[in-house]
Structures are given as structure tokens and as C-alpha cells.
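Going down the list, the protein sequences come from chains A and B. Under the numbering used here, the first residue of the first sequence is numbered 1452, with each subsequent residue one higher. Under the numbering used here, the first residue of the second sequence is numbered 779, with each subsequent residue one higher.
Possibly wrong hints are sitting among the right ones.
Pairs of lysine-lysine residues, derived as DSS-like cross-links and limited to a Cα-Cα distance of at most 27 angstroms, are as follows [claimed, not checked]:
| no. | chain 1 | residue 1 | chain 2 | residue 2 |
| --- | --- | --- | --- | --- |
| 1 | B | K823 | B | K855 |
| 2 | B | K844 | B | K855 |
| 3 | A | K1493 | A | K1558 |
| 4 | A | K1554 | A | K1493 |
| 5 | B | K855 | A | K1490 |
| 6 | A | K1490 | A | K1558 |
| 7 | A | K1554 | A | K1496 |
| 8 | A | K1490 | B | K823 |
| 9 | A | K1496 | A | K1558 |
| 10 | B | K823 | B | K844 |
| 11 | B | K823 | A | K1558 |
| 12 | B | K791 | A | K1493 |
| 13 | A | K1554 | A | K1490 |
| 14 | A | K1496 | B | K823 |
| 15 | B | K791 | A | K1554 |
| 16 | B | K844 | B | K791 |
According to the in silico footprint, chain B covers these stretches of chain A (three or more CB under 8 angstroms from chain B) [said to hold, decoys possible]:
| no. | segment |
| --- | --- |
| 17 | 1529-1542 |
| 18 | 1547-1555 |
Covered stretches of chain B (in silico footprint by chain A; criterion: 3 or more residues with CB under 8 angstroms from a CB of chain A, positions within the stretch not fixed) [claimed, not checked]:
| no. | segment |
| --- | --- |
| 19 | 824-836 |
| 20 | 847-856 |
If you're looking for bench data, these hints aren't it; they were derived computationally from the structure. Yeah, the Cβ is synthetic: ideal placement off N, Cα and C, and Gly gets one too.
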Amino acid sequence: DIQMTQSPSSVSASVGDRVTITCRASQTIISWLAWYQQKPGKAPKLLIHGASTLQSGVPSRFSGSGSGTDFTLTISSLQPEDFATYYCQQTNSFPLTFGGGTKVEIK
Amino acid sequence: QLHLQESGPGLVKPSETLSLTCTVSGGSVSSSSYYWGWIRQPPGKGLEWIATIYHSGSTYYNPSLKSRLSISVDTSKNQFSLRLSSLTAADTAVYYCARLAGRYYSDYWGQGSLVIVSS
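Build out the structure end to end from the sequences listed, making use of the hints.
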């Protein structure tokens, strides 16, 4: 199985800050990586697929980059509605696997 | 607009079998463009992919659960289902159904169904 390691596990930030979350795969997944946002009590929401393709309707302050084993999710200017937990998921091969999550908290 | 809705028992006893159904509206489980799957999340923890199915019947299972798992699709009812046997407290979780698009990313999710395993 491909292991996905996210860092940091949590980050405290202020509105307007630039936030970067990293996801590392235990072997190459080419560009088959998705990012999700989850708010308490809600289902995850797809933000990015294919490492860098923004899902329809997702604000452009979200961006993704990377290939191979190292990937990044960036929020360019954190908004109040962005405080949530973010997960990466490799979609290169079954079994599909998720990172452990990164909680973005208010500083 | 696509909508997925999970249905299930809510509370099941240890050693019993869980049966969950996902009803799809606004789209078809027979579509050749999509796969359908289940993901779960224990309380306060992260996401775990469980299983995925294609309308043709091709199935993919999480190896850690495979011996207890079965996923199926009913195109006549536009539903897909999950069965998980020999339940323990560790199976307590919110179970989500989802549509998988492209290279298996989940673009639509159900609201989730909390399943508690307790006697």
C-alpha cells in the first residue's frame, strides 16, 4: 500500500495568511493526488485533483503543486471559511489511501 | 444535481453484519464515466477508504478489511451497497458513500451515516 504522510498535523494562522500543507507519498504517484477540505460534522469537499486541477467552484486562492512523491496545497490568503481540516489522498492505485489530515486553526 | 444518500441501521451489535445502502439521484450508477465507493471516519479520526465498485461489477477492496467486506451495485434501483461482517467497536465510524470520477477522486459525497457498534 502507498502511505501518505501529511505535515504539519495542525497549523495556527490568521485571516490573510498564506498557508502551505505538505503531503508525501511512500512511492511515486505521478500526479494522481487529490486534496479535500472537511468542516466539523460535514462530508469532505473535493478541492483539487490531479495534483493541481482546481475543482469547479473552488476559490482560486487554493492551489496545488507537485509530482512524484512530494505535493503541496497552498491557501494564498486564508479566509474565515477556510478554517477546517485538509486531507490529501493518492488516487494512483488501489488501495486508495489518505494522509492523516492537517487542521487549520485560528491563531 | 447529483445527490447521494446513505441509509443504514445506526446501531449494530458486535459480531453482527452491517448493511449500508447508498441511493443515487440526479445521476446513474450505470454511467461508464464513474466508479462508486465507500469511505469511513472513526470519531475524531481521519478518513479511510473502504471499497469501490464499477457498474460492470468490478470491485476493489481495502486489504485490511477485505475478508469481511462485500460491495455490490443494483442498477435497477440506482443504488450501491456495502456489507461488513464480524463487527467490532473499531468499526464504529461515520460511513460515507461517494462518486469517484476521473482517476478515482471523490467529487460527490453523501452526508454520512453514523454507525455505532455496541451491545
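The hints, checked one at a time:
{"no.": "1", "hint": "B:K823 / B:K855", "verdict": "violated (33 angstroms)"}
{"no.": "2", "hint": "B:K844 / B:K855", "verdict": "holds (25 angstroms)"}
{"no.": "3", "hint": "A:K1493 / A:K1558", "verdict": "holds (23 angstroms)"}
{"no.": "4", "hint": "A:K1554 / A:K1493", "verdict": "holds (14 angstroms)"}
{"no.": "5", "hint": "B:K855 / A:K1490", "verdict": "violated (31 angstroms)"}
{"no.": "6", "hint": "A:K1490 / A:K1558", "verdict": "holds (17 angstroms)"}
{"no.": "7", "hint": "A:K1554 / A:K1496", "verdict": "holds (15 angstroms)"}
{"no.": "8", "hint": "A:K1490 / B:K823", "verdict": "holds (13 angstroms)"}
{"no.": "9", "hint": "A:K1496 / A:K1558", "verdict": "holds (23 angstroms)"}
{"no.": "10", "hint": "B:K823 / B:K844", "verdict": "holds (21 angstroms)"}
{"no.": "11", "hint": "B:K823 / A:K1558", "verdict": "holds (22 angstroms)"}
{"no.": "12", "hint": "B:K791 / A:K1493", "verdict": "holds (26 angstroms)"}
{"no.": "13", "hint": "A:K1554 / A:K1490", "verdict": "holds (10 angstroms)"}
{"no.": "14", "hint": "A:K1496 / B:K823", "verdict": "holds (17 angstroms)"}
{"no.": "15", "hint": "B:K791 / A:K1554", "verdict": "violated (33 angstroms)"}
{"no.": "16", "hint": "B:K844 / B:K791", "verdict": "holds (20 angstroms)"}
{"no.": "17", "hint": "1529-1542", "verdict": "holds (count 3)"}
{"no.": "18", "hint": "1547-1555", "verdict": "holds (count 6)"}
{"no.": "19", "hint": "824-836", "verdict": "holds (count 5)"}
{"no.": "20", "hint": "847-856", "verdict": "violated (count 0)"}
In the structure shown, a violation is registered for the earlier hints numbered 1, 5, 15 and 20, in ascending order.
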